[in-house]
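J.: Single-letter residue listing:
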Amino acid sequence: MKRVLPFLWGLMLPPITAHAAETPQMGGTLRILASSAAGTLDPQISYISLTKFLETPVYDALLTYPKFAGAGAHPVIANLAENVPQPEDNGLTYRLTLRKGIHFSNGQLLTVADVAASFRRIFAAGSPTAGPYYSAIKGAGACLKDPIHCTLSEGIETNPATNTITFHLTHPDPEFPEHLAWMHASILPASTPLHDMGNTAPPGTGPYQITDYNPTTHMHFERNPYFHEWSHNAQPAGSPDHIDVTFGLEPESAVTAIENGQADLMYENVPLDRLGEVGSKYADQVHIFTPLLYYYATLNVNEPPFTSLKVRQALNYAVNRHAMVIYDGGSAVASPQCQLLPEGTPGYERFCAYTAGATPQNPAPQWVKPDMEKARQLVQESGTQGMRVTIVTPSGGKSDNTALDLRSILESLGYKASVHSISPAIHFNFVQNSDNHVQISISGWNADYPSATSFLDTLFACSNFHPHSDNSPNMSGFCDPHIDDMMHHAAQLAQTDRTASNAAWAQVDRALMAQAPAVPLVQTKRVVLVSKRTRNVIITLNDEILLSQLQVP
Amino acid sequence: MTHSTSASAQDTRPPGPWRMALRSLRRNRSAVFSLGVLVFLAIASLLAPYYARYVAHTDPFVSNVAGSIMLNGQEVDIMQPNDNLLHLGLSPIGPTWHGSYLLGADSQGRDVAARLLYGGRNSLLISFCSAALCLVLAAVVGIAAGFCGGIVDIILSRMMDIMWSVPVYLFAISLSIVTLSDGLHLGPFIIESDNLILPICIIALVYVPYAARPIRGRVMALREAEFVMAARCLGVPRWRIVLQDILPNVTSTLVVLGPLIMAMSLLAESALSFLSIGVQAPAASWGTLIQDGEGLIYTRPMVAIAPGLAIVAVVLALNILGDGLRDALDVRDASHREQ
Amino acid sequence: MLMAALRRLGQTVFVLFGISALVFAVFFATPGADPTARIAGKNASPQTMQKVRQEYGFDRPLPVQYAIMMKKLFITQDLASYADRGELVVPEIIRAAPVTVSLVCGAAVIWVVVSIAMGTLAAALKGTWIDRTLMMLGLIGISIPVFWLGQVANLITQNRYHDTWLFSWVPALGYVPFTQSPWGWFKALVIPWVVLAVLFIGVYSRVLRADLVALSGEDFIRTARAKGLSPSRILIRHGLRTAMVTFVSLFGMDFAQLVGGGALLTEVVFGLPGVGRLTYQALTNLDLPLIMATVMYSAVFVVLANAAVDMIYLLLDPRVRDAR
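Protein chains in written order, with UniProt numbering: chain A, 1 to 553; chain B, 1 to 339; chain C, 1 to 324.
Read the hints as simulated data drawn from the structure, not as lab findings.
Beta carbons are placed, not taken as given, at the ideal position from N, Cα and C, and that holds for glycine.
Incorrect hints may have been included.
[As the list claims (entries may be wrong)] Listed next, the in silico SDA-like pairs over lysine to any residue satisfying Cα-Cα at most 20 angstroms (straight line):
#, chain 1, residue 1, chain 2, residue 2
1, A, Lys145, C, Phe58
2, C, Lys42, A, Phe428
3, A, Lys145, C, Asp59
4, C, Lys72, A, Phe428
5, C, Lys126, B, Ser30
6, C, Lys126, B, Ala283
7, A, Lys532, B, Ala283
8, A, Lys100, A, Pro203
9, A, Lys416, B, Ala283
[Said to hold, decoys possible] A few chain B residues that face chain A, going by a derived Cβ cut-off under 8 angstroms, partial list only:
#, residue
10, Pro81
11, Leu85
12, Ser193
13, Ser276
14, Ala281
[Unchecked claim] Beyond 10 angstroms from chain B on every Cβ pair, some chain C residues (computed):
#, residue
15, Val64
16, Pro91
17, Val114
18, Gly184
19, Leu240
20, Tyr280
Generate coordinates for the entire structure from the input sequences, incorporating the hints supplied.
T.: Next comes the structure, spelled out in structure tokens:
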């Protein structure tokens, strides 16, 4: 896959960048289509990728991921802060200095008081990541219990004279800088109400402001008159004068609208049925990139037959990942996934433990073909043939195909398999709750930010398994203290030696795959169609397409 | 009626209403033709397990995206790559007009023609069973309300009114979504969410008010009829009156409603399955086939068009048959369907 | 008259209470429907979940929750969705209603005009091949699944023949508000109108023909004929007028059900953001506030329309008034 991608870039990018370099285009109105809006605009509450995509040029956090193309756009760099803080006191203290002269879109000057208030608001307004990302801050425990009286007075120290902010932690958090760059840590004016802002966008510091929003119809952006570029790599100034987003058009219709030049960019992928047409007639308007996202089947290690390692490995051997690639539109837009980190993540080293001729001890360099004989033999040894297995899948869309294919495989391995498809809205929480006794389910996972923790720790660490709860991202219920130690070690290493840390994460990936708590299936690419006139499409590792940089004459 | 010399003993008696109806139905050519079409389609799809595999050479329930077939001496991939610069997208094989993949493949590489037959099995089975169940329920409700009158009639009629005030399809969709999420738990009995009984019951239930109203009206009229009054005066028990006098007279209404309700059930079933809340995968029905075809409508429209034509054919035949029965049995009712 | 109106009101309230209580109970009995985790967001800590539970009142007894929801829906009208945080459901329905009304009204005009023409023509030419052809066409219309017809219409007008002069004017799927562009509104809706009307043309033309044929045997028509009036005049002046009574009551029910959300299949296939599609989305998302609001809207509408039909019935046909 790595071989395919540079080829594609080589094919498409030069004419576009060359053109952009000749005549930098400012002004105009960028027209975006999305099939539906994503609810609240509150950057500290929303946990939807569409909102993150749209609000990247509106809000800023203290730190951020670099806004340039390519796989090298990590780790975090300074944004509203002048520096990336180094951990002090064995990772218990982080000091930052706030940039001077930055204004919110309402004209108000950004101060350290706004920063402290924004962190209190994470707890007071009930940000989803308040627990997982910010509970290391001193006083966070009390804030989680009693959000209304949250002070964080011990955790955050500010000095208006020197413009410095000091964070005090109760225990080291190796990814604290990454969490400071996450959208829920966006800095808002201290006067922002302490509840979900819903359809009203609070003032931000980025080059644009949201001036009009109706979740069923449209969203409108204007320039932030107080914005000036402080760091091109952190928050570049925008090209278009206006951005218009229209909601409600299905992807099929959106493709037609962009082909006809009625819109410039569609947020959703080009539907599979239209890929052929788009590829032959509009090849120079297509942008393909690989987000940190893959699809997999979670195996619940606490529900038979997947309590048996042999059964989990057997299914991994038996799955035809080539078929999975075909369901997603062929090898140009998907690739077989055989491990628990997707390509592009720091720490990713390609291997495949379960393919013809490979074992967890001697993995192959990549997936070749399924090994049904070995799978049948493993199932035989486990003595679980004839058991009933129900695959729980979100209804509608491609997961149905995947689930049906898995059903055929389970049947041919000797199980009585059936598919139970439930509403996508409740599937995600339903399969997490151990009370529902889900044996196997189909899921996709994408990272909040490019980091191995987002996948390996979130999905397979003991601390993320909460029995009887709807929020238990370790859906496999997998817990291995030894692997937990390895993950902790790898995370700690990141503070001193990123290369060594990445190598340690690759080891964790292999160790986890040997236990096979899941069946990785396929990593899909984004296929985005832009209008003929759109130039300067910049795709970053963390923020996908940069809205503010698109040029429309 | 006839003066032929070979008239048998039965013919000397005046023919009963059912024989009259049959005779008049037999003269109705379009109704007879529709019945023929229905019987043919029913046999073709009900016997699918005995021949479809041998014609199609594939299992219509197993995904086959990575496979290939021999066509005119050449090996052809079932999922064909598109011939464009970026190699974007794959399309399933189109209609081959040969034994296997007669109508092409769907997005899972399965034979559409074979699935059409298996889908027909489920569609016909569900619509037939739910029509039968609906008529039984409607007969019970209609007779109870019409014959007992009073408080029973008021309660039952109000319940019908409530059901009537929610659009039929919305009602069916709500019930399906709720029961699909975790099957149906009735005390010790658990009906799994992929059991065909669920759509059968749901569709039968939503059309009960539709069928119960004319039956109630007919029973109310019968209750005042002379022969029923006579039986009551003679002290015949109520249940015997219902069985001997009311039920036989309601049967003609039921027979006329039968095909019409089955037609509506088929449409409702296809709509539910189209919204993927009817028949659950990997089983098929004509509605799920149309749903499968939706994602391929631009490249392989046949996947969605073929099952739609099958639905139109069956529903049309049922409607013509229902009209024929109504004319033959001389039952007048304000038959009317909902959207 | 007043008593009748009061009784209607009582019945309406009873029906609404029954439906809403049922929806509420069924929702909380459905496993996996607890919206706390969905509102709190993925991987939220137990404390955040607790905060959400308190904020939304999920920790209170069900009757109290029901009462609060009804208050928020009908009195303060600030009921918010569980699926999209902060999204108020009442304005959402108010935004969706014009789409459905536009769709249904346009289709109604088509089906009323065409079915009266077809039904009258067939009745006037009873027994001829024109009569049989028209009635067969009607029957075919009844037999086509509307969502499939919509798909085929899309295939033809959006894709296969979109580049020909015949359909090049067809805009992309979706809705254009009348206030924004009346011509765009018309272009976006004309194909959905026709597709939705097909079924009703079939039903209404057949009902009308049957009524007209049945009426031709009645006394007053015979009298008119004896007076020497021309057959076409009798048919239109006397027959059609009387047959309209059934027609209007049928129309009232169908119109109300469609505006109340019954047109959802058409809305889904043509991507029209109307009430039916909203209801369908709410149901698939198991978004209780929106389900409640759409179901209530639908029920209120249907009950009101029933009352209106009864009133019109009273005005049109004095026999009904006497019968009550």
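J.: All hints are to be evaluated individually against the structure, with a verdict given for each.
T.: Comparing the hints with the structure gives:
no.	hint	in the structure
1	A/Lys145 - C/Phe58	holds, 17 angstroms
2	C/Lys42 - A/Phe428	holds, 9 angstroms
3	A/Lys145 - C/Asp59	holds, 16 angstroms
4	C/Lys72 - A/Phe428	violated, 28 angstroms
5	C/Lys126 - B/Ser30	holds, 17 angstroms
6	C/Lys126 - B/Ala283	violated, 46 angstroms
7	A/Lys532 - B/Ala283	violated, 44 angstroms
8	A/Lys100 - A/Pro203	holds, 18 angstroms
9	A/Lys416 - B/Ala283	holds, 15 angstroms
10	Pro81	holds, 6 angstroms
11	Leu85	holds, 5 angstroms
12	Ser193	holds, 6 angstroms
13	Ser276	holds, 6 angstroms
14	Ala281	holds, 6 angstroms
15	Val64	holds, 23 angstroms
16	Pro91	holds, 21 angstroms
17	Val114	holds, 16 angstroms
18	Gly184	holds, 24 angstroms
19	Leu240	holds, 18 angstroms
20	Tyr280	violated, 7 angstroms
Hints 4, 6, 7, 20 from the list above are not met by this structure, while the remaining hints are.
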